[in-house]
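S.K.: One letter stands for each residue in the lines below.
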Amino acid sequence: MKYPFSGATKELAKWLNFDMASASPMLLDRAKQRAIEGIESGRVAVDTKAKGEKFLIMEILSYPLAKIMVAKTKDKFLIGKYAEAEASAFHSFLMNEPDDVVESLAKEFGFDVEDEAIQFTDYLKYLPRDEDYKLVNSPLSGGKVRVGRDAIAGLLPEKLKAELEKSLRKDMDVPLIFATYAEEIKKEVNRDKAFHTKEDFGTVEVEYFPPCIKALIADAQSGQPMAHQPRFVLASFLVNVGMPVEQIAEIFSSTPNYNAKKTRYYIEYTMGKRGSGTKYSPPSCDKMVFYGLCRGKDALCSRIKHPLSYYSRRKKIGNKRVHT
Amino acid sequence: METSEFIHNVLRSYYSSHTVPAPPDIAEREFGAGVDKKIDWRHMSFMNEQQLNAYLRANVPFYISYSAGYYEFPEARPMQKKNWLGADLIFDFDADEYETNCTHPKNMVCDICMGRVKEECIKVMEEFLIPEFGFEKKDLHVMFSGNRGYHIHIRREDVRELDQNARKEIIDYITASGLKPERHIRRVGKRLVGPKPSDWGWPGKVARRISAEISSGSEKSIARIMGVSPATARKILAKKEAVVGGIAHGDWDQVSLSPKTWQRAFGLVAVGMSADVDRAVTMDTSRLIRLPNSIHGGTGLVACEVPDIERFAYYKDPVVLGDGEVRVIPTATMDIPLKDKVFELEKGKQTSLPEYAAFYCAAKGLVKIWG
Chain A
7 MKYPFSGATK ELAKWLNFDM ASASPMLLDR AKQRAIEGIE SGRVAVDTKA KGEKFLIMEI
67 LSYPLAKIMV AKTKDKFLIG KYAEAEASAF HSFLMNEPDD VVESLAKEFG FDVEDEAIQF
127 TDYLKYLPRD EDYKLVNSPL SGGKVRVGRD AIAGLLPEKL KAELEKSLRK DMDVPLIFAT
187 YAEEIKKEVN RDKAFHTKED FGTVEVEYFP PCIKALIADA QSGQPMAHQP RFVLASFLVN
247 VGMPVEQIAE IFSSTPNYNA KKTRYYIEYT MGKRGSGTKY SPPSCDKMVF YGLCRGKDAL
307 CSRIKHPLSY YSRRKKIGNK RVHT
Chain B
873 METSEFIHNV LRSYYSSHTV PAPPDIAERE FGAGVDKKID WRHMSFMNEQ QLNAYLRANV
933 PFYISYSAGY YEFPEARPMQ KKNWLGADLI FDFDADEYET NCTHPKNMVC DICMGRVKEE
993 CIKVMEEFLI PEFGFEKKDL HVMFSGNRGY HIHIRREDVR ELDQNARKEI IDYITASGLK
1053 PERHIRRVGK RLVGPKPSDW GWPGKVARRI SAEISSGSEK SIARIMGVSP ATARKILAKK
1113 EAVVGGIAHG DWDQVSLSPK TWQRAFGLVA VGMSADVDRA VTMDTSRLIR LPNSIHGGTG
1173 LVACEVPDIE RFAYYKDPVV LGDGEVRVIP TATMDIPLKD KVFELEKGKQ TSLPEYAAFY
1233 CAAKGLVKIW G
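Those protein sequences? They're chains A and B, same order as listed.
Position 179 (the first sequence) corresponds to 185 in the working numbering; numbering is contiguous.
Position 65 (the second sequence) corresponds to 937 in the working numbering; numbering is contiguous.
With the rest of the complex left out, here is chain A:
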C-alpha cells in the first residue's frame, strides 16, 4: 500500500472493479487532499496505518485519482512538484525496506539488476543529483555499474518522478468532475509553500543543520548586529530547506534595527519572489571558508562541499556517527 504504483496494487484496483466515474465524493476529496499536501510539503503523506478495509482501499485508490487531478491542472509547476512529492515519499519508504523488497521493486521499475549491477545508461538516466552517486566514484566495468541497495533506493524514485512527470503531461480523457477538482487544486494550493523546496527536504529539522548555519542562527539570536553576508547566507539556507517566511523572519527578529517588512521583503527576494526572480542558494563550503563563515567543522563536513548537502545527508543518516 505504500507503493500504490506497484503492480500488486494495480491488480487490486482491477479486482475491486473500480470505475473512476463512480468514485465517491469522499474518495475524490481524499485524492485532492493527497495532491495538495504533496505539492505543498514536497512529500506525499501516505497514511500507512489506515485501519479497516474501506480506508485502506481509499488510500490505494486516491493515488491514481490524485494523479489525474494534477494532470488536469495542466500546470507544469504543480505537475513537477507533485511528481517530486510522490518520489520523495517513495524514497523514504524504500530506505526502510528489506533488500528483497527493494530488489523486486527495482525489477518492477524495469531495472535489469543482474549480479547486483545495472547497465550504466540506466544508472545515468536516473541518477540522483548527489555526490554519492557520481559515476566516477562508482564501480563500473563492462558497461555495468555495481549498485548496492542504497543506490537502487536512490534511482527508483528518480525514475518514478520522470515517468510521473511524463505521464502527467499527457492529455487524459476522464470524467468532467476531474477538471473541476483540478481547478480546485489550482485555487487552493499554496504556491508559496511549494515554491520553497527546490530539492525536497521534507519538514525542516534544525537539529540537522550544519554547524556553520547553527552558528549563524545563534548570532542572529544573540542580539548583536549582523553583517550583510552572514545574513544572506542564513536567509538563503533557510529558504532552500523550505522554512516558511514567517519562521525565518522570526529568527532575524532579535537582530538590532529589526524591521519586519524589510526582512520579509529581503527573504522573498532571496526566494526569487521579488526582484530578478532568481532563487539564491547559499554559498558552497569553499566560499564559506573564504568568507570566514565556516565554523565548528565536524566529521561530516569533510565529506561534503555544500551546507545544503550536509543537511540532506544528515536527514538521511540521522545522528549516526560519520567515519572520516
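Hints are computed from structural coordinates only; laboratory data are not their basis.
For glycine and all other residues, C-beta sits at the position ideal for the given N, C-alpha and C.
Please note that a few of the clues may not be correct.
Listed below are the simulated DSBU-like cross-link pairs for lysine-lysine, each with C-alpha atoms no more than 30 Å apart in a straight line [stated by the list, open to error]:
id	chain 1	residue 1	chain 2	residue 2
1	A	321	A	165
2	B	1068	A	322
3	A	165	B	1040
4	B	1040	A	311
5	A	303	B	1052
6	A	192	B	953
7	B	1010	A	140
If you anchor each label on the Cβ, the simulated ranges turn out as follows [as the list claims (entries may be wrong)]:
id	chain 1	residue 1	chain 2	residue 2	range
8	B	1052	A	196	31 to 41 Å
9	B	1152	A	234	32 to 42 Å
10	B	1084	A	234	46 to 56 Å
11	B	1152	A	32	51 to 61 Å
12	B	897	A	101	37 to 47 Å
13	A	234	B	950	34 to 44 Å
14	B	912	A	102	53 to 63 Å
15	B	1035	A	101	18 to 28 Å
16	B	950	A	177	22 to 32 Å
17	B	950	A	118	52 to 62 Å
Following the hints, position chain B against chain A.
M.R.: Just chain B now, with coordinates in the frame of chain A:
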C-alpha cells in the same frame, strides 16, 4: 585566380562527380554549412541522400556539418521547437587542445601533434569505452575530421537519450574529475581499508596500477608516480611483498603511511591514468559536427570514417582530390608532406602542384593560384 574561387571550382567538380552518403537517420538531423565561416547557415534539413547531394552541388559549401542530435523537426527554430529526440555520444580530439612541443604554425599539423591526438583517442577507447563502458569495437565509429582531429561517434540506441548531466558524468569519469580518493581509501576503525585490484571502476584501476608499480618499479619511479618522497618510496619497497599482498585483499595497512599519503597517491595515479577529452563537445547534445565524406574546405581532405586508427595516415589516407597540375606561387617556404610526396615550397618561386596539394596549400594560405 582568387583562392576562394579555386576552392569553389574544385569542390563543385568534386560534389558533381561524387555522392556523399547520407548519415544515419538523415531526416532527423539538423545541418549547417558555411563558406566564410564553418557555419554560415544552420537549421537546415534533408529528407534523403538525394536532397543532401543536390544541396552540395547547388551551393558548394566549404564546410558542411550535421547534428549529433536527432530531432522531430530539425529545421525548426528556435532550438526548443525542434523537439530533441536524442543525440549520438561524441568524443572530440583536436590537435589544438593538446600541449606538444611542435614548432609549426598553429594551423598546420605534424606527426607529433597528430600522434598525440591519436594516442588520446585510442586511450579513451581501449582503457575506458571498451573495458569499462562495455562498448564493442563496432559501436565506436572513429572519424577523421578532415583537418586536425578525430571524433568518436557512438550511435547505440541506449546512449542516444542520455541528457547533458549523464554525458557530464561520462566525461567526468574519463577525465577522473570529481574522483574522491578519501572515499576509497579510509580508516575503518583502526584499519586502513582501500580498493582491491579486482574492484570495478577507478578504485580497482588505481589499485592495479599502484600494485604493479610497487612490484616492479624503482624507488625513483614510485616516488614520481605516487608523489611521495624517496624516503617513503624506500620504506614501501622494503616491505614490497607485504604491501602488494595486503592491497590484493584491500588491506592498505602493511606499511605505516598516513591515509593522506595513500589518498594523495591514489589521486595522482588516477590523474596519470585519466584521458584528456574536450568536455564541451561531449556534453553538447545539439552540436554540429563535420559530415563524414564531405570535403573539409580548409584542407581539401575528406572527413571520413577511420576503420583502423592505428594504421591511419592523416596526410595520405584522406587525400581524395585529383592530381591535375595547378600552377601556384608559394607565399611561404615550407615542406608539406601529402600523400606519398613531400612538396617543397619556396617563397615566390612559381611551381606546379597536383590539385589536392594546391588545395591544401592554398586553403592554408601557403600559396596563391597562378593564372
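S.K.: Hint by hint, say whether it matches the structure.
M.R.: Tested hints:
1. 321/A with 165/A: holds (22 Å)
2. 1068/B with 322/A: holds (29 Å)
3. 165/A with 1040/B: Between residue 165/A and residue 1040/B the Cα gap is close to 19 Å, so the pair holds against 30 Å.
4. 1040/B with 311/A: holds (19 Å)
5. 303/A with 1052/B: Between residue 303/A and residue 1052/B the Cα gap is close to 19 Å, so the pair holds against 30 Å.
6. 192/A with 953/B: holds (28 Å)
7. 1010/B with 140/A: holds (28 Å)
8. 1052/B with 196/A: 31 to 41 Å: Given a distance of about 40 Å, which is inside 31 to 41 Å, the answer is holds.
9. 1152/B with 234/A: 32 to 42 Å: holds (36 Å)
10. 1084/B with 234/A: 46 to 56 Å: This hint holds: roughly 55 Å between Cβ atoms.
11. 1152/B with 32/A: 51 to 61 Å: Once the Cβ atoms are compared, 56 Å apart, the range 51 to 61 Å for residue 32/A and residue 1152/B holds.
12. 897/B with 101/A: 37 to 47 Å: Distance hint for residue 897/B, residue 101/A holds at roughly 42 Å.
13. 234/A with 950/B: 34 to 44 Å: holds (39 Å)
14. 912/B with 102/A: 53 to 63 Å: holds (60 Å)
15. 1035/B with 101/A: 18 to 28 Å: holds (26 Å)
16. 950/B with 177/A: 22 to 32 Å: holds (25 Å)
17. 950/B with 118/A: 52 to 62 Å: violated (37 Å)
Checked against the numbered hints above, the structure breaks only hint 17 and satisfies the rest.
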